[in-house]
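These protein sequence lines are chains X and V, in that order. Note that my numbering has the first sequence beginning at 1, numbered continuously upward. Note that my numbering has the second sequence beginning at 120, numbered continuously upward.
Worth flagging that the hints you see were computed from the coordinates, not collected in a lab. Hints are not guaranteed to be accurate.
Stated by the list, open to error - When the alpha-carbon atoms are kept at most 25 Å apart in a straight line, the in silico SDA-like pairs for lysine to any residue are as follows:
id	chain 1	residue 1	chain 2	residue 2
1	X	K106	V	E386
2	X	K23	V	R382
3	X	K23	V	V378
4	V	K280	X	P81
5	X	K23	V	H363
6	V	K420	V	D396
7	X	K106	V	L248
8	X	K94	V	V252
9	X	K23	V	T362
10	X	K94	V	A239
11	X	K23	V	L248
12	V	K420	X	V42
13	X	K23	V	S375
14	X	K106	V	T238
15	V	K420	X	G85
16	X	K23	X	C93
17	X	K23	V	P251
18	X	K23	V	V369
19	V	K342	V	S503
20	X	K23	V	H250
21	X	K106	X	H18
22	X	K106	V	V378
23	V	K342	V	G190
24	V	K280	X	H59
25	V	K420	X	N71
26	X	K106	V	V252
27	X	K106	V	E240
28	X	K94	V	L248
29	X	K106	V	Q178
30	V	K280	X	K23
31	X	K23	V	T360
32	X	K106	V	S503
33	V	K280	X	T48
Each chain, written out:
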Amino acid sequence: MNFEAHSCPNGHVTYPRHTVCPKCGEEQTEIVDLTDEVGTVVTWTTSTATPPGVREPNHLAIVEFNLGETNVRALGQTTDPVETGDQVTPVFCKELRDPGAGIREKESQDWDGYRFSPV
Amino acid sequence: MGRVAIISASMTQFGQRDDWICELLTEAGESCLTNVDVDASELDHLYVSNMASGEFEGQTGVPNALAHDIGALGAYTQRIDQTSSSGGAGIYAAWQSVASGASELTMLVGGEKMTHRSTAEATDIIASLTHPVEYKHGVTLPSFAGLVSRLYLESYDAPRKALGAVAAKNHANGIDNPHAQFQKEVDQETILESPIIADPLRLYDFCPITDGSAALLFCPEEKAAEYTDDYTVISGIGGATDTHVVHERVDPTVMSGVVDSSRQAYEMADIDPEDVDIAELHDMFTILEVLQLEDLGFFEKGEGWRAAVEGTTARDGDLPVNTSGGLKSKGHPLGASGVAQVYELHQQLTQSADSRQVEADTGLACNVGGFDNCVTTTILEATS
Ligand SMILES: [Zn+2]
Chain X
1 MNFEAHSCPN GHVTYPRHTV CPKCGEEQTE IVDLTDEVGT VVTWTTSTAT PPGVREPNHL
61 AIVEFNLGET NVRALGQTTD PVETGDQVTP VFCKELRDPG AGIREKESQD WDGYRFSPV
Chain V
120 MGRVAIISAS MTQFGQRDDW ICELLTEAGE SCLTNVDVDA SELDHLYVSN MASGEFEGQT
180 GVPNALAHDI GALGAYTQRI DQTSSSGGAG IYAAWQSVAS GASELTMLVG GEKMTHRSTA
240 EATDIIASLT HPVEYKHGVT LPSFAGLVSR LYLESYDAPR KALGAVAAKN HANGIDNPHA
300 QFQKEVDQET ILESPIIADP LRLYDFCPIT DGSAALLFCP EEKAAEYTDD YTVISGIGGA
360 TDTHVVHERV DPTVMSGVVD SSRQAYEMAD IDPEDVDIAE LHDMFTILEV LQLEDLGFFE
420 KGEGWRAAVE GTTARDGDLP VNTSGGLKSK GHPLGASGVA QVYELHQQLT QSADSRQVEA
480 DTGLACNVGG FDNCVTTTIL EATS
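Could you put the whole structure together from the sequences, leaning on the hints where they help?
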């Protein structure tokens, strides 16, 4: 599995993928692989009141990836506590929370993904 | 298109209630009708604002149940779910129903029964509104508040205690609201030393989990005087959505749903933010009151944090905000909150707010769903 953002022919990049590009309405045709990129922490929180099946405390951050002409952001868990401005890189995680414990139907979505690890 | 009047408003006691959703809705609905001596059989439309009775208690079809319970058989019924802003969306729907001429008498009842669930379960039910890529990380609405609060405080060099000032103000206001869940003062020290929930936010930065219901009765302005002398008029209303995925916003400290919905409401009412005398804002988290003050046009971007600190939004300030105590101390039964905001404005504008009465002719309510995912803004005017 790769950490994939998506791009339309006009160079607008989004994470996650959308049915149509939110900026111009065109179909997203390109994949932008963020798996080996280094991003910057825009903001972070540590949540101590977590829902069923979620680790406690849960460190979360919004991370921005600079792609030259444009940039794209993603939200994710972090492997360790981070600070604003820290450089982080994605690390694969097979199960981000216990898929059977929350209210959402287990089969309705996937549960693997990427955590951000300080570099 | 004629203007729409609100001829009656009611709310139940908010807090931890033994009653289930249908009982809470019935209590608010019956008292709303009794206030103006209207029989339920006269209702053309009956709307229910409710986010998640199915998820909370396994009860669906609540509008039909309510119509039966209060004796409104024959009325057209509809449930309105717009997450935390279900109440505001219900007001929008009720306004449409009367303004369009489809109904001459519409009642809206908003309610939620939540406290029988654990905090973790209730948080998860609410978090289920997030995008799958957000949900799988265990993100909650409080954690969005933590993320955006940090970004705001760092971007605008605002002191942490500014958020505590919002909580302290709204708790102070709640003391004079007999329907509020909490009626006690909380000092800054207690707020700033309470347990961390989503760093930098602490327990007192969040509204409680609440049971409760509120109701409003709508008719065309020209018929209002047939029912009562104490009515108000909806002079402006607007609704808008922001991105589903929060991190995709150009600036996550700007709530474009608030900006867009209020612009529509101001335009319809033909007023500017300076003309608003009081406001009920969606302080589900303290940071949200600050962001709304800016995005509604009351303060420049980055300056809204000064309001509670300097007393501008206190009950005796230039722009009293959340005289009801806000969601913060009044409580936040999801589907009822937007309805209860307008209940407070109606009480204030008809001089019926007792010990929390302020001088006001124009009031604004902003009801935020999700983390600005969907918003409605309502502007209410006094008539006497
Ligand atoms: Zn595009």
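These are the hints, each one checked on the structure:
Only pairs whose Cα atoms come within 25 Å are accepted, and K106 (chain X) paired with E386 (chain V) is rejected, the gap being roughly 45 Å. For the given pair, K23 (chain X) sits about 22 Å from R382 (chain V) by alpha-carbon distance, which is consistent with the 25 Å threshold. Taken as a hint, the K23 (chain X) and V378 (chain V) pair is honoured in the structure, with Cα atoms around 19 Å apart against an allowance of 25 Å. For the proposed pair K280 (chain V) and P81 (chain X), the alpha carbon gap of about 23 Å is at most 25 Å, so the pair holds.
Among the hinted pairs, K23 (chain X) with H363 (chain V) is consistent with the structure: their alpha-carbon atoms are about 14 Å apart, no more than 25 Å. The straight-line distance between the Cα atoms of K420 (chain V) and D396 (chain V) is roughly 20 Å, inside the 25 Å bound, and the hint therefore holds. Note on K106 (chain X) and L248 (chain V): the hinted pairing holds, with a Cα-Cα distance of about 15 Å set against a maximum of 25 Å. A threshold of 25 Å between alpha carbons decides the hint, and for K94 (chain X) with V252 (chain V) the separation of about 14 Å falls inside it, so the pair holds.
Annotation: proposed proximity of K23 (chain X) to T362 (chain V) holds, straight-line Cα distance about 11 Å (limit 25 Å). Taking the CA atoms of K94 (chain X) and A239 (chain V), the gap is near 23 Å; set against the 25 Å cutoff, the hint holds. Distance restraint check for K23 (chain X) and L248 (chain V): the Cα-Cα separation of roughly 23 Å lies within the 25 Å cut-off, and the hinted pair is therefore satisfied. The hinted pair formed by K420 (chain V) and V42 (chain X) meets the criterion: a straight-line CA distance of about 19 Å does not exceed 25 Å.
With a C-alpha separation of about 15 Å, the suggested pair K23 (chain X) and S375 (chain V) falls inside the 25 Å cut-off, and the hint holds. With a CA separation close to 21 Å, the supplied pair K106 (chain X) and T238 (chain V) stays within the 25 Å bound. Annotation: proposed proximity of K420 (chain V) to G85 (chain X) holds, straight-line Cα distance about 23 Å (limit 25 Å). About 30 Å separates the Cα atoms of K23 (chain X) and C93 (chain X), which puts this hinted pair outside 25 Å; it is violated.
As the CA atoms of K23 (chain X) and P251 (chain V) are separated by approximately 21 Å, the hinted pair is consistent with the 25 Å bound. Note on K23 (chain X) and V369 (chain V): the hinted pairing holds, with a Cα-Cα distance of about 11 Å set against a maximum of 25 Å. As the CA atoms of K342 (chain V) and S503 (chain V) are separated by approximately 15 Å, the hinted pair is consistent with the 25 Å bound. A C-alpha spacing of about 18 Å is found between K23 (chain X) and H250 (chain V), which places the hinted pair at or below 25 Å, so the restraint holds.
For the proposed pair K106 (chain X) and H18 (chain X), the alpha carbon gap of about 22 Å is at most 25 Å, so the pair holds. Simply put, K106 (chain X) and V378 (chain V) have alpha-carbon atoms about 36 Å apart, too far for the 25 Å limit, and the pair is violated. A threshold of 25 Å between alpha carbons decides the hint, and for K342 (chain V) with G190 (chain V) the separation of about 23 Å falls inside it, so the pair holds. Of the supplied pair hints, the one linking K280 (chain V) and H59 (chain X) holds, its CA atoms being roughly 23 Å apart against a limit of 25 Å.
For a cut-off of 25 Å, the pair hint linking K420 (chain V) to N71 (chain X) stands: about 24 Å separates their Cα positions. For a cut-off of 25 Å, the pair hint linking K106 (chain X) to V252 (chain V) stands: about 14 Å separates their Cα positions. Restraint check for K106 (chain X) and E240 (chain V): the C-alpha separation of about 16 Å stays at or below 25 Å, so the hint holds. At roughly 23 Å between alpha-carbon atoms, K94 (chain X) and L248 (chain V) fall within 25 Å of each other, so this suggested pair holds.
This hinted pair checks out: K106 (chain X) and Q178 (chain V) have alpha carbons roughly 22 Å apart, not beyond 25 Å. Restraint check for K280 (chain V) and K23 (chain X): not satisfied, since their Cα atoms lie roughly 37 Å apart, outside the 25 Å limit. Proposed proximity of K23 (chain X) and T360 (chain V) is supported: the alpha carbons are some 15 Å apart, at most 25 Å. Between K106 (chain X) and S503 (chain V), the direct Cα distance comes to roughly 56 Å. Violation of the 25 Å bound is thereby established for this hinted pair.
Restraint check for K280 (chain V) and T48 (chain X): satisfied, since their Cα atoms lie roughly 21 Å apart, inside the 25 Å limit.
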